[in-house]
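2 protein chains.
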Amino acid sequence: MEFKFSEKVSHLQASAIREILKYSADPEVISFAAGSPAPEALPAKELEELSKEILEEEPSIAFQYGVTEGYTPLREEVKKILAARGVFDPEYDDVIITSGAQQANELSAKVLCNENDVMLVESPSFIGSLNAFKSYHVALKGVRLESDGVNIEELEQKLAEGGVKLVYLIPNFQNPTGNTMSWEKRVKAFELCKKYDAVILEDNPYGDLRFAGEDIKSIKTLDTEGRVIYSGTFSKILSPGIRVGYVCAHKDIIQKIVVCKQVADVHTTMWSQMLCCRFLKKYDLDEHLKKLRKVYEKKTTLMLSQIEKNFSSKITFTRPQGGLFIYCTLPEGVTTQQMVDFCTKAVKEYKIAIVPGTAFEISETDETRSFRLNFSTPTDENIIKGTEILGRLSKEMFGD
Amino acid sequence: MEFKFSEKVSHLQASAIREILKYSADPEVISFAAGSPAPEALPAKELEELSKEILEEEPSIAFQYGVTEGYTPLREEVKKILAARGVFDPEYDDVIITSGAQQANELSAKVLCNENDVMLVESPSFIGSLNAFKSYHVALKGVRLESDGVNIEELEQKLAEGGVKLVYLIPNFQNPTGNTMSWEKRVKAFELCKKYDAVILEDNPYGDLRFAGEDIKSIKTLDTEGRVIYSGTFSKILSPGIRVGYVCAHKDIIQKIVVCKQVADVHTTMWSQMLCCRFLKKYDLDEHLKKLRKVYEKKTTLMLSQIEKNFSSKITFTRPQGGLFIYCTLPEGVTTQQMVDFCTKAVKEYKIAIVPGTAFEISETDETRSFRLNFSTPTDENIIKGTEILGRLSKEMFGD
Chain C
1 MEFKFSEKVS
11 HLQASAIREI
21 LKYSADPEVI
31 SFAAGSPAPE
41 ALPAKELEEL
51 SKEILEEEPS
61 IAFQYGVTEG
71 YTPLREEVKK
81 ILAARGVFDP
91 EYDDVIITSG
101 AQQANELSAK
111 VLCNENDVML
121 VESPSFIGSL
131 NAFKSYHVAL
141 KGVRLESDGV
151 NIEELEQKLA
161 EGGVKLVYLI
171 PNFQNPTGNT
181 MSWEKRVKAF
191 ELCKKYDAVI
201 LEDNPYGDLR
211 FAGEDIKSIK
221 TLDTEGRVIY
231 SGTFSKILSP
241 GIRVGYVCAH
251 KDIIQKIVVC
261 KQVADVHTTM
271 WSQMLCCRFL
281 KKYDLDEHLK
291 KLRKVYEKKT
301 TLMLSQIEKN
311 FSSKITFTRP
321 QGGLFIYCTL
331 PEGVTTQQMV
341 DFCTKAVKEY
351 KIAIVPGTAF
361 EISETDETRS
371 FRLNFSTPTD
381 ENIIKGTEIL
391 GRLSKEMFGD
Chain E
1 MEFKFSEKVS
11 HLQASAIREI
21 LKYSADPEVI
31 SFAAGSPAPE
41 ALPAKELEEL
51 SKEILEEEPS
61 IAFQYGVTEG
71 YTPLREEVKK
81 ILAARGVFDP
91 EYDDVIITSG
101 AQQANELSAK
111 VLCNENDVML
121 VESPSFIGSL
131 NAFKSYHVAL
141 KGVRLESDGV
151 NIEELEQKLA
161 EGGVKLVYLI
171 PNFQNPTGNT
181 MSWEKRVKAF
191 ELCKKYDAVI
201 LEDNPYGDLR
211 FAGEDIKSIK
221 TLDTEGRVIY
231 SGTFSKILSP
241 GIRVGYVCAH
251 KDIIQKIVVC
261 KQVADVHTTM
271 WSQMLCCRFL
281 KKYDLDEHLK
291 KLRKVYEKKT
301 TLMLSQIEKN
311 FSSKITFTRP
321 QGGLFIYCTL
331 PEGVTTQQMV
341 DFCTKAVKEY
351 KIAIVPGTAF
361 EISETDETRS
371 FRLNFSTPTD
381 ENIIKGTEIL
391 GRLSKEMFGD
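In order, the protein sequences belong to chains C and E. Going by the working numbering, the first sequence runs without a break in its numbering and finishes at 400. Going by the working numbering, the second sequence runs without a break in its numbering and finishes at 400.
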């Protein structure tokens, strides 16, 4: 039987990362392709203990239906944390718990964008969000990302073209680049969105994972009227498998997201929400984050030093101060196809999985000679071994 | 700040049930408004035990990212169960695990329907699905539901009008009516959808909860080419709070649902999936269902006898052979507004929560003089007390 799929979905492809990850299933493959937290950074023992408490003390809450807005005690904890960071304004903001930040970003687009509405995104940007926006047939336009955030002139130019509903930004340790937006650019971007009446969707999954430099305040701290939707997650600091994220936004927006979440999955798994809540109540979050940051600092430093030591000197790369990713760029003159060939050869012949930059472009036919490396998932041993092999291949293909 | 919400969402209202459920938060209110499984029917102890095993034996699977298609061992278990019932055809079908059947139905509409595509639904039907379809701006048309399923003449007439993409049916113990579609009507509906090239979305959340009469085979058992999408859930037989459902459909449809689920929530909570899987492997599902059915049979019988004893004799009601709901209809001549007044008075003045039939109509302005009663959530004592009070109110308002 031939099916007529909806237009918004028929053009959507399974992500290129999925193809790469298929190879990663081979236990011999060293994967630099994932976006998972370091296994040793997950508080598995603590969560196991908390889970026991939940199921002994409150099984009926864990196993029965909950409300769509989320488990009230968790919402209160999240509000407290965000208020302390200047992100939650009790005057007009509200918080909803979502099934990961993926759902937070998807529902934000759904409530605000009609088909063919314009949305500006960093170029490159996170493939999961790009595909979520595309699945509502939103017209995506890229704004070139620089080491300190989007190019402001280009942002203004594209806002001035009109019809922009949403501007999607990942200001901290961006996926895929690892770049962080400067405070100056955050202020300018916010002012521009105000001038052209666009809403900002500020996605901050990695902000807690800063291991170097000084924290930069969220764009949401500039907000006085509800122009910024802020999304966060417990995936990188507690566990991704439990699927808990949240949105902090103007009450009116949250109300619409609640309606959409109700029809999407009724509510987020109760046990997952209760785990996060108990963790926040029992443990000192700052102490926990300090431990995580040490793990990530060690791994980044190791991978950066190995890249310097092993890669072709013509390859440039970012030096993130947090997050999970390093973005490498092949020498000028290298074509997109040669970059894809490099990634394909790396996984097929050398069993090192990396993600080609095409995955993070608005269209997979856009040109790029970059690729993404993840340092959080592999062991130290595999970081050393994998970068050595990638280094040899890079020199072979692009010279010393 | 004034927000311009997307057209598909701006017309969506928080469900009327939510308003009623707000009153239900009052511990003094007896709620016949929920759709939750009976607390005593949830295998909480077994699930608690299985949870301990999971977190001791496989914490890294439970806490890390999983694949969008679902936890492979659970998909295999579901395929086995569905194959035994003639629902899964390994030739062309596949299965994806979803975050409850709500997501199963929502994503089915998303992958197949453009905005303004026509979808036929039973009238009345499940509000969660109706709102999910509306959130994609699908044009819903109702087909009158009779005690043995939709009116077949009307179904053909509306199919013949053309442009119907999907036909949404809940054949077993339908929500809100409790009605079950006869085998003859299942066959006819299937043949008609074949004739007019529409896809059927068969939603079967309650099928396992039959406590009287003979099982009737799923419409999906008639399928030979992938015309039927079948959705199911663990919400009513294990736990709703864990949010695990599934879709069984043609591989091509599943592939598109996978892409949409990836952008919706990446994957369903791993722990929840592992719980279902271990339950199915360790316990005899049929034995478990036998226990559940006894609980539900007892509760339905009790509520039906109390309705007969206490309600105004002019009120008619369905006699479901399974599921969670009884649908009552006020005497002829009663207006929609009078029915809503009855429901409002019941909860506000008499502290008995019931759901007005308007909640299950395509438009909340459609006329109906019915209301829904749930017998699974209240205790036996409250069933007796609540129906007595409702009975008094019904006689007061509509005569003996």
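In short, the hints are calculated from the structure, not lab data. Honestly, I wouldn't trust all of these hints.
For chains that are exact copies, the list does not tell them apart, and a pair is met inside one copy or across any two.
With a straight-line cut-off of 30 Å between C-alpha atoms, the simulated DSSO-like cross-links for lysine-lysine are [said to hold, decoys possible]:
(1) K194 <-> K80
(2) K251 <-> K22
(3) K165 <-> K290
(4) K8 <-> K45
(5) K291 <-> K395
(6) K195 <-> K282
(7) K351 <-> K22
(8) K4 <-> K194
Treat the numbers as computed from the prediction; the structure is a model and nothing was measured.
Open item on the list: Output the indices of the hints that this structure fails to meet, ascending.
Closed with: 3, 4, 5, 6
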